[in-house]
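Based on the provided sequences and hints, a complete structural model is requested.
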Amino acid sequence: MSYIESLLAENEKIVIQTRQHWIVWAKSFFLNAILLIAIVILAILATLATGLGVVVAFLALIPIGAFWRTYLDWWNEVYLVTNRRVIQTEGIINKRVIDSSLEKINDVVLRQSFLGRIFDYGDIEILTASEGGVNRLDKIASPVKFKTEMLNQKEALGMDERFGGRAERRADIPALIAGLDALRQRGILTDAEFQQKKTELLSKM
3 MSYIESLLAE NEKIVIQTRQ HWIVWAKSFF LNAILLIAIV ILAILATLAT
53 GLGVVVAFLA LIPIGAFWRT YLDWWNEVYL VTNRRVIQTE GIINKRVIDS
103 SLEKINDVVL RQSFLGRIFD YGDIEILTAS EGGVNRLDKI ASPVKFKTEM
153 LNQKEALGMD ERFGGRAERR ADIPALIAGL DALRQRGILT DAEFQQKKTE
203 LLSKM
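Take 3 as the starting number for the sequence shown in my numbering and just add one per residue.
Note that these hints are calculated values from the structure, not bench results.
Among the hints, erroneous ones may be present.
Below, a list of computed lysine-lysine pairs in the DSSO-like style, where the Cα atoms sit at most 27 Å apart [claimed, not checked]:
hint: 1; residue 1: Lys29; residue 2: Lys147
hint: 2; residue 1: Lys29; residue 2: Lys141
hint: 3; residue 1: Lys141; residue 2: Lys106
hint: 4; residue 1: Lys141; residue 2: Lys97
hint: 5; residue 1: Lys15; residue 2: Lys149
hint: 6; residue 1: Lys97; residue 2: Lys15
hint: 7; residue 1: Lys141; residue 2: Lys199
hint: 8; residue 1: Lys97; residue 2: Lys29
hint: 9; residue 1: Lys15; residue 2: Lys141
hint: 10; residue 1: Lys147; residue 2: Lys15
hint: 11; residue 1: Lys97; residue 2: Lys149
hint: 12; residue 1: Lys15; residue 2: Lys106
hint: 13; residue 1: Lys29; residue 2: Lys149
hint: 14; residue 1: Lys147; residue 2: Lys106
Restraint ranges, calculated between C-beta atoms of paired labels, are given here [said to hold, decoys possible]:
hint: 15; residue 1: Leu50; residue 2: Ser115; range: 41 to 49 Å
hint: 16; residue 1: Ala11; residue 2: Ile94; range: 21 to 29 Å
hint: 17; residue 1: Phe121; residue 2: Ala35; range: 16 to 24 Å
hint: 18; residue 1: Ile46; residue 2: Asn154; range: 51 to 59 Å
hint: 19; residue 1: Glu7; residue 2: Gly181; range: 39 to 47 Å
hint: 20; residue 1: Glu157; residue 2: Gly181; range: 32 to 40 Å
hint: 21; residue 1: Gly181; residue 2: Asn78; range: 52 to 60 Å
hint: 22; residue 1: Thr192; residue 2: Asp109; range: 52 to 60 Å
hint: 23; residue 1: Glu157; residue 2: Ile94; range: 33 to 41 Å
hint: 24; residue 1: Ile39; residue 2: Glu157; range: 49 to 57 Å
As the structure is a computational prediction, the values presented were derived from the model and not from experiment.
In this text, a Cβ means the ideal position worked out from N, Cα and C, and glycines have one as well.
Laid out in structure tokens, this is it:
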């Protein structure tokens with residue numbers, strides 16, 4: 003079982019899962035690639051001049067390690083929508099999980115720059131009724147799709163609760179009629195009152 007799967011409750015399922023856009027680590031890749039090339043050139047020159055090129059070459063571990071750390075941070079920051087909530091996980095070893103219940107979401111704000119529309123990334127702010135207030139997802143990939151699915155699941159959850167509540171109320175009606183019949187047999191309700199209330203309850207089924 004993956005770490006993300008371990009976060010899910012019973013009967014909870016993932017509807018959409020994504021990460022930040024690749025542009026997040028692309029900047030680190032190019033900067034560290036330039037630094038790595040510069041170090042390699044210096045190592046070659048140092049070898050020709052002093053024979054200490056191997057020592058300089060060890061400096062190449064710095065940009066390699068820096069990019070690898072950026073990439074791992076990107077890979078471990080995951081955004082997902084389930085049929086109950088929005089979950090954000092981050093951290094390589096020490097994990098941090100932020101979740102927003104769909105039923106507590108009041109509004110969703112999507113911001114996309116010109117480049118964001120071209121490369122399909124943007125920022126999403128989830129406004130909730132909880133103490134946290136705002137949950138921000140920065141430079142998320144496919145933000146429009148993510149927002150749409152989030153709102154679809156919120157609507158579906160609301161419909162399930164409404165129809166589920168009605169079903170529960172309908173299931174209680176036979177028990178209520180039986181209770182009224184017991185009151186009728188004890189003389190608390192007349193036959194006419196019993197029939198009237200029974201008819202009212204049956205009309206709600």
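Evaluated hints:
1. Lys29 / Lys147: Holds, because 25 Å separates the two Cα atoms, which is no more than 27 Å.
2. Lys29 / Lys141: holds (13 Å)
3. Lys141 / Lys106: holds (23 Å)
4. Lys141 / Lys97: holds (20 Å)
5. Lys15 / Lys149: This hinted pair holds, its Cα atoms lying about 17 Å apart.
6. Lys97 / Lys15: holds (21 Å)
7. Lys141 / Lys199: Violated. Lys141 to Lys199 sits at ~59 Å, over the 27 Å cutoff.
8. Lys97 / Lys29: Distance ~24 Å between Lys97 and Lys29 Cα, so the pair holds.
9. Lys15 / Lys141: Within the cut-off at roughly 24 Å; holds.
10. Lys147 / Lys15: holds (18 Å)
11. Lys97 / Lys149: holds (24 Å)
12. Lys15 / Lys106: holds (18 Å)
13. Lys29 / Lys149: Holds: Lys29 and Lys149 sit about 26 Å apart, inside 27 Å.
14. Lys147 / Lys106: holds (20 Å)
15. Leu50 / Ser115: 41 to 49 Å: Holds - the Cβ-Cβ distance for Leu50 and Ser115, about 47 Å, lies within 41 to 49 Å.
16. Ala11 / Ile94: 21 to 29 Å: holds (25 Å)
17. Phe121 / Ala35: 16 to 24 Å: Given range 16 to 24 Å: holds, Cβ gap about 20 Å.
18. Ile46 / Asn154: 51 to 59 Å: At 57 Å between Cβs, range holds.
19. Glu7 / Gly181: 39 to 47 Å: About 45 Å separates the Cβ atoms of Glu7 and Gly181, which means 39 to 47 Å holds.
20. Glu157 / Gly181: 32 to 40 Å: holds (36 Å)
21. Gly181 / Asn78: 52 to 60 Å: holds (56 Å)
22. Thr192 / Asp109: 52 to 60 Å: With a Cβ separation near 53 Å, Thr192 and Asp109 satisfy 52 to 60 Å, so the hint holds.
23. Glu157 / Ile94: 33 to 41 Å: holds (35 Å)
24. Ile39 / Glu157: 49 to 57 Å: holds (52 Å)
The structure fails hint 7 only (numbered hints given earlier).
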